[in-house]
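Sequences are here, hints too, so could you generate the full structure?
Here is what each chain is made of, one letter per residue.
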Amino acid sequence: MGTVSIPVMSHVGEIGGSKDVVLSLLELAPPEKIRFTGRPSSNGSPYQKIDLKVVNTSVQALASLGFAEFVSTKVDSKFFCSYMDLAVSKKVKNQDADSFITEAVFGIGFRLAIIAFNMNAEVKANFSAMAAAGKIKGGMTSYQMVAIGGGLDVITKARPLITNLSGDFTVETLETIGFVEAQLAELAISNADLIPQLMGVTLDLDKMAKFYANSKDPVAYKSLIVSQHFALWRAFHKNSLEEALSVLKSNPDFSEIRQDIVQDYYTRILGIAEAKKRPEEKKLRDRIDLMIYAGT
Amino acid sequence: MWEIASLGSDPSKVMKFGRSNAAGNADLTPVAIAAVGSGSSANSAGADLLQPLMSGLLAAPSNAADAPAVAPVGQDDPNFPKGPPYKYTSPTISSYAISASAMAKLDFGSLGGGEGSSEAFFFVCEVAAFTDDVYIARAADESLLLNKYGIGFRIGIKAWGLESKMTANLGMVAAAAELNVAQTQMEVQVFAGDVKRFSAVTDAVKLLTTKFSAETLKNIAGVVSILTDVVSKDGATIPPVLVKYGEFKPNLYTPDRIVISNSYALESLGRGNSRQNLDAWLAHDAGRKKWVKEIGPQIVQCAYENLGFANSNSVPTDAERTELWRLRNLGA
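Protein chains in written order, with our numbering: chain S, 224 to 519; chain D, 12 to 343.
Just so you know, not all the hints are guaranteed correct.
[To be verified] Calculated cross-link-like contacts (lysine-lysine; reagent style DSSO-like; alpha-carbon spacing at most 30 Å):
#1 S:K445 to S:K506
#2 D:K98 to S:K314
#3 S:K499 to S:K472
#4 S:K313 to D:K93
#5 S:K314 to D:K260
#6 S:K461 to D:K301
#7 S:K433 to S:K506
#8 S:K439 to S:K500
#9 S:K499 to S:K433
#10 S:K461 to D:K304
#11 S:K439 to S:K499
#12 D:K93 to S:K316
#13 S:K313 to D:K304
#14 D:K301 to S:K314
The set of hints was computed from the structure by calculation and includes no laboratory data. It should be emphasised that the depicted structure is a prediction, and the values quoted were computed from it without experimental measurement.
This is how it looks when you write it as structure tokens:
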């Protein structure tokens, strides 16, 4: 089973007639497919410390995590974004069997986003290097912290960080973060009624692929990608479905392409009912262009 | 990021404090200090500093296509959190440089426009706490407005007369100010169901001096500290107010967008680009290339990971590229 783990905003709400929808995932699927209905139990398994992994990311991704737009466009446009989760967490299985989400991570702690300007490529690889480079003339950082779960106690524990917020992200900042994190871990362990929040989800890629291909049979995500791309090329070359399938069957190079996915692309996605009809009208051409030229 | 989500028939619950540090003005004269709503929200010490003010800050999304009625601020609202003690579970703490357009949305009235505004840089410090639930309203342009109940404060700082190199954070502004080149202006916003509880900040605001310096930075930290104390120590007894917590404009799922995003991933990997390349497209080519705004970054992540590239900065080896290019060309 192919899975992928994605960080999300903690917001879970009602939308489009479905409850418990993980809002961060709305680009991936209709609301009813991205519900999460498990809750962490206050007893049972203890919190685990999340590995302090720095994830290089994009401004877009930071925005989708709920960080405010915080780049001044007048500054040097060469900037690097990273985020880091500092938290204690628990995994919870989804109770909704229909959903693309298999399990979720709930935690108490912080999500830290850092934007670094004027740093060279090696430096941006990790926070320590960034923190050290922040002291070097020319390097600059701006950071935001979003606390996750836990309530007002978290603000109290985070006081050393709050008073520090206006400066560069330095080695001292890193040490303060480490100190605050240890305090949080203690807090979480000693306080069973602290409420954790949703931080990330694990998605079942094959379930998603099956949905995207509208198939009754299992579909591997990779098979979805290449089969739809094949159909897209044929449509770009103005083949009808019948012509596309003929090309498919004629060449052993195309043995990994799924015929049913090609058919679904033409009939459902492009909306062409007749197998002999070529995709020539302007509206279809415009849609096909968007798909084929993506990334060029 | 936040605005008060609804006025309803109750007095609105925002206090604003500001101080102008225009060059040459050595007096600590308060500017544009306003409390929104009933004058009785002032305590006697701060009464001369507080004036009632009609505020556009509090508008609910009036042109929302199918927005449900945003709950009125008040104890009779069925969604109003139970308390005291109020269960605030989602604190936010941040300090960051912000773009002019984002700043404009935050409704710091005294900081908008005026002297040097086209060359100004903006910063925000904020500490707030919210309850768990999020209420979603859909605006006319399809973006989602997320409303939450909470309490908190936000300090807006505008600085100008700086070289663009120096503006990543407030520490740098202070350093520039020491060299006599920076001028600043500040405004504090507090929101809560009972703003009287934050009146301690009026004394603190008097400490904000005219010329921005390292001293000012300490005093801002002082204001932040006082406000943080109120939130963290007494917060459970302070009722919240409904605020527009954020705006979320995802590229909503459509079958076309899945194909576009997967196609982007295959093309991009075939050319040897990491997932971070998407940023460059989004920043520089969004106007020229129509497909850019259709991309779903999460779908791109799914495709990249599934094809074997989990880290956002992984790139294919030459051998991997050859295979990816072959896949990309199936049917070409």
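Hint check results:
1. S:K445 to S:K506: 28 Å, holds
2. D:K98 to S:K314: Given pair D:K98, S:K314 holds - Cα atoms ~23 Å apart, limit 30 Å.
3. S:K499 to S:K472: Satisfied, since the Cα-Cα distance of roughly 16 Å is no more than 30 Å.
4. S:K313 to D:K93: Holds. S:K313 to D:K93 sits at ~27 Å (cutoff 30 Å).
5. S:K314 to D:K260: 28 Å, holds
6. S:K461 to D:K301: 21 Å, holds
7. S:K433 to S:K506: Judged against 30 Å, a Cα distance of about 27 Å means the pair holds.
8. S:K439 to S:K500: The given pair, whose Cα atoms are some 25 Å apart, holds under the 30 Å limit.
9. S:K499 to S:K433: 26 Å, holds
10. S:K461 to D:K304: Holds, at about 25 Å.
11. S:K439 to S:K499: 25 Å, holds
12. D:K93 to S:K316: Answer holds: D:K93 to S:K316 is near 29 Å, not above 30 Å.
13. S:K313 to D:K304: 35 Å, violated
14. D:K301 to S:K314: 39 Å, violated
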